[in-house]
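Asker: So you can see what is in the structure, the chains are spelled out below.
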Amino acid sequence: MKKSIFTFALPLLLSAQAMAANPTLTVYTYGSFASDWGPGPAIKKTFEAECECQLEFVALDDGVSILNRLRLEGDATQADIVLGLDNNLLQAAKETGLLAEHKVSLDGLQLPSGWDDRVFVPFDYGYFAFIYDADKLATPPASFAELLERDDLSLLYQDPRTSTPGLGLLLWVQQLYGERAPEVWQNLAKRTVSVTKGWSESYGMFLKGEADMVLSYTTSPAYHIEAEQKTQYKAAGFSEGHYLQVEVAAKLKTSKQAALADRFLQFMVGPGFQQHIATGNWMYPVIDTPLPAGFADLVQPASSLSFSAQEVDEHRHAWVRQWLNSVTR
Amino acid sequence: MTARWWWLPGAVSLTLILLLVTAPIGALFVQAPKFTFAALLNDSYLRHVLWFSFYQAGLSTLLSLALAIPLARALSRRRFPGRTLLLKLFGLSLVLPVILAVFGIVAVHGRQGWVNQLLIALGFEPISYLYGLNGILLAHVFFNMPLAARILLQSLEAIPDASWRLASQLGFRSRHLFRWLEWPAMRTALPALASLIFMLCFTSFATVMALGGGPSSTTLEVAIYQALRFDFDLPLAGVLALLQLVLCCSFLLLQYLLSRPVQSSTSEARQLDRPDRHHPATRLTDTLVLLLCLSLFLPPLLAIVVAGINPQLWPALTSAELWQATFSSLKIALGAGLLCVLFTLGLLTSSRYLRLHLKRSGVAALLESLGSVILVLPAVVLSTGLFILLRGVADVFTLGTVLVLLVNALMALPYALRTLQLPMEQVARQHDRLCASLGITGLARLRRVEWPLLRKPIALALALAMMLSVGDLSAIALFGSQHLQTLPWLLYQQLGSYQMTQAAATALVLLVLSLGLFMLTERILGGKHARTR
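Residue numbers (this note's numbering), protein chains in the order written: chain P, 1 to 329; chain F, 1001 to 1533.
Any given hint could be a false lead.
What the hints assert, rightly or not - FRET-style restraints, in silico, Cβ to Cβ: (1) A296(P) / A1121(F): 49 to 55 Å; (2) S1250(F) / A100(P): 30 to 36 Å; (3) L1515(F) / P41(P): 34 to 40 Å; (4) G74(P) / R1448(F): 36 to 42 Å; (5) W1314(F) / V299(P): 27 to 33 Å.
Said to hold, decoys possible - If we take Cβ atoms under 8 Å as the criterion, some of the chain F residues that face chain P in the derived model are: (6) Y1045; (7) H1048; (8) Q1112; (9) G1113; (10) W1114; (11) P1215; (12) A1281; (13) T1285; (14) D1395; (15) Q1482; (16) G1496.
Read the hints as simulated data drawn from the structure, not as lab findings. Keep in mind that this is a model prediction, so the values were computed, not measured. Yeah, the Cβ is synthetic: ideal placement off N, Cα and C, and Gly gets one too.
If we strip away everything but chain F, and leave its shape as in the complex, we get:
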């Protein structure tokens, strides 16, 4: 990179990102004064929405953690066939499209799901427990319990061997081990974990939309969407969006303050001989815990796969609507992924120059965190702002594709930044001097130095961004229409109208597309040796 133009890519990327983010916020501010906060608090429906958002997020967090702690303990004690696969599946639950998982949950817990079919077979009455708070909690536990379990397991495996040996010498029983070894280790990770899960549940959109079942189970984000799409009440939407913004900022700040670095385990496949491993009581509790957690986690995943193998699916698979939606999803995903990677590369090129050559790491860090601004601004809020902003300028429904693309690109930025930051810095650190002394600059440097070394991380970032875009529901919710259909939106509508066969077909295509895109991009772009951990 020529020294003179180091700031250009970063400046361009940052300007575009900030413009894309602040213009809609500005539009929201303009709308807001017509609806004061006092009116908000006086309205009992809105108070209920606010209360419910906090309530379901708090309950989900408690449940997820309450299940994750014994699960992490059980996993650290036991080794069984399929354990590694299970941990990999746990990682999958974060990147799986939310609406796809909701489909799996409906297929298992719905009125005609597996649970009810089992009950009918046993001679009982079917029970309807899915829609409303129960469904939302089920879905949140499905997503967050594995996440929490993985992080807690990491903390547990970071406990040094010497501590275990000492504990075994002192004759510690299971509860002593928990009190003196495990709890202190998990305690450091818990606050940040709890606030992360709380924020994820507070801002969850697709789950509440699909499983809410009515006005009494509405959260703030869904209320924003409804204010816009149902009532066309712009001032209300603006005020709610600003409220959401403020709340998310505080959660993020809280998380930042609470997070402590989690030590990585020294060796992963180490056979840990904990003193309580062979005790029959712990064997029993571990088995029970594992059964309980797996019965919450595995069936929906299985349902997605099994529903896809149904031979009655073939006619549904040939529907033109489905393939149109697939094509749109692909178009948007490709565009969003490329745009995201371009933004990331621009930001990181400038930030690494700042960090390495000008020694201004503070400014560099600021640049990078500004790229993650979407974490503070939920997609629904951003879409609302863009909608209000562009309503007077152009027909938002025809612009829909472009807008969804832009929002998806922004949503994937934090992940892309995290993926590419370290590799890019390392490449610069190792090769800057060599390039300077050999006079390799500009395009030649890109071709010979940057590309071969950064191929893998760029491929990974692109694959991640595409996968996130394919599975996203929040951006498309406002702009979706007859002319703009994506796979998640189609699946959501089919779930809502109980067309389960069509929904299964859509779910299958969505699953194949997400995973396929991911593997394909990694393999082709990343080169022969591209693999993820």
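Here chain P stands alone, though its shape is the one from the complex:
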């Protein structure tokens, strides 16, 4: 008699628990976003407090890997939101057919070149730049052309096949040099210490003194100023201009938590999320929110360079191939 009570009661108990459990929102993002020193933990806390749900970050190598992972998984993907693609991957991501239109109002967003995409919601932006240590390098190059002439400078950058900064450098070179890009790559290859899979690896190597300059963002020195009170890391401002990156997020069509996903995207352009961007991701927020003091001394690009999403999509594969061929000559 007792046994049969348990056999009935236990499943009921468990299912009641299941019904009472919070829904989980799965967000695919890149490694440094979800890490302990990134904005992930703070955002998770803020969002979970107001949504009565669980926010789960799935960390992948770097931006482009998120796209690759989506393509790999196809319809069977477990993600509800992808966060961390950028303006260069818009077309390719749309072509997967997996992303749904968002319901977020884009008024009040402040971006260098405006934003009107129906599928992607921007959450931060920045400019690519080479970072150097002012204590070790007294005279940094003032332009990309000068960088190419300075044989003594060793570099670290990322693989454009996995990393959005790496892809950004590829497009930067392409925008500035067009047909002469292969020569530029061969020039850079002679001084490249390593091409890493993601931003964190190369930045870590740079901080350990492995190279003179690393490809990162104009806003990276702000981290050192604010969090470590170190002022020797600076971005090299190039007279030709810097390539713009706008990081975006989108909802998956196959998401089982559609309402929750919409809510998260709306939360993403609100102050609750954006306040953590400047001091967690060390990029510029997309709404008008106070910036920490360290941001005041940052290099402001002479001009903002970018390709349209269509152009990037048409030529990306060929340009990456060209890069591969040039650096392996």
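Chain F: place on chain P using the hints.
Answerer: Showing chain F alone in chain P's frame:
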């Protein structure tokens, strides 16, 4: 074993193995036509990858052999305290997890390694020479020079005493000894040895991944992995994998054709009084050679141990990520080891029946070599095929654990087969008739006859399989993710992001686990008297 069902275990094992191997190859074939070989040859990056694979393998082979020959000569001439331990360590370099050794090499030769610290202390600028071809060569020499030295030493010790006495009577000097005695002895072993080392270097994955440092130092296997994981370019991955398959088949064939049986030495601890032992010039060269080779070989091993004793390690050792990875590694290793041993036992039961009762040794040998099919099919290729195959069927990342387990089991099969083949055959030879006359069959036979006699070799095979699985990087590389972390994969990622303290902690746990598993399995399963030579 009941006579009627002798074929069952072998058939089941073989079917499963062949299925596991041919289905992915089939999946690769299907992908391949979309990317022709002509396109492959036209693409200069892929040509470079192919060239680099051959180039680094050839250079590694040359370097390893160039160092191993004088080393073997020096070892055969000299007796010094620690010589036996050194030879045992040489044997260790083959079973040590590759990524662990890479960690040791980075700790010694990296920008902040011992060499550079020494240079800084002496007032020089630190030099960065590790990543790229140099690093790959260093690692390959670290693994293959000891292997080559051991095999060549065996050949040297097989030279009969009478030859030495004759040589000493004829007043041979060192170079005459080399020309007339040592070189002919070593020459028979060299071709097979060279092709073995070439193949090992050609298919080396973890080393190139960790020390490559960029697209200009990419080999074929890493290119397959990158095509899949970075570009999601299935046709390219398929074609490259097939190319790798064809090349490995030819290398294996070459090795088979070139191998001659190496005579084992008649007595190991014999004090060989070679005529050139006491010559001061040879003493000098021997010391120099020994110093050079040991300075390449010992520091990384030391670094692994020393890094583990660092007290700053304790916080890193309590990281949840580390223990999760350890748990996953253990789970997979246990499963892979058991599966491997089961396959082996199944194959060998049928093959020994074939050999002893039906007198069909050709078929038996074929059965056993089919079990070693993984030698022809590198783990990355197999994982690629499985990935392509199962992509449409199920979510490969959740299936990851099972797939890694299967690939690891297959990878350990050749070693398990080699370990268990002879003991199982001997047991059957000695006890079949007795069992038949006493009517001991089935479970009773397993319990009373097979198990007590085969305990030791089975324990050894299981321990080997587990150790190989714990240290493997190639299978996990494709399936590794946030949810599926094993120790080698964690170590690789930490090395890549220069988190050296965490890497040291992971390396320590990996070392302890590999060695611990090995000794534990041997001791517990093998019984009180289990020991390896």
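Asker: Confirm or reject each hint.
Answerer: Right, here's what the structure says about each hint:
{"no.": "1", "hint": "A296(P) / A1121(F): 49 to 55 Å", "result": "violated, 42 Å"}
{"no.": "2", "hint": "S1250(F) / A100(P): 30 to 36 Å", "result": "violated, 51 Å"}
{"no.": "3", "hint": "L1515(F) / P41(P): 34 to 40 Å", "result": "holds, 37 Å"}
{"no.": "4", "hint": "G74(P) / R1448(F): 36 to 42 Å", "result": "violated, 55 Å"}
{"no.": "5", "hint": "W1314(F) / V299(P): 27 to 33 Å", "result": "violated, 41 Å"}
{"no.": "6", "hint": "Y1045", "result": "holds, 4 Å"}
{"no.": "7", "hint": "H1048", "result": "holds, 4 Å"}
{"no.": "8", "hint": "Q1112", "result": "holds, 7 Å"}
{"no.": "9", "hint": "G1113", "result": "violated, 12 Å"}
{"no.": "10", "hint": "W1114", "result": "violated, 16 Å"}
{"no.": "11", "hint": "P1215", "result": "holds, 5 Å"}
{"no.": "12", "hint": "A1281", "result": "violated, 43 Å"}
{"no.": "13", "hint": "T1285", "result": "violated, 38 Å"}
{"no.": "14", "hint": "D1395", "result": "holds, 5 Å"}
{"no.": "15", "hint": "Q1482", "result": "holds, 5 Å"}
{"no.": "16", "hint": "G1496", "result": "holds, 5 Å"}
In the structure shown, a violation is registered for the earlier hints numbered 1, 2, 4, 5, 9, 10, 12, 13, in ascending order.
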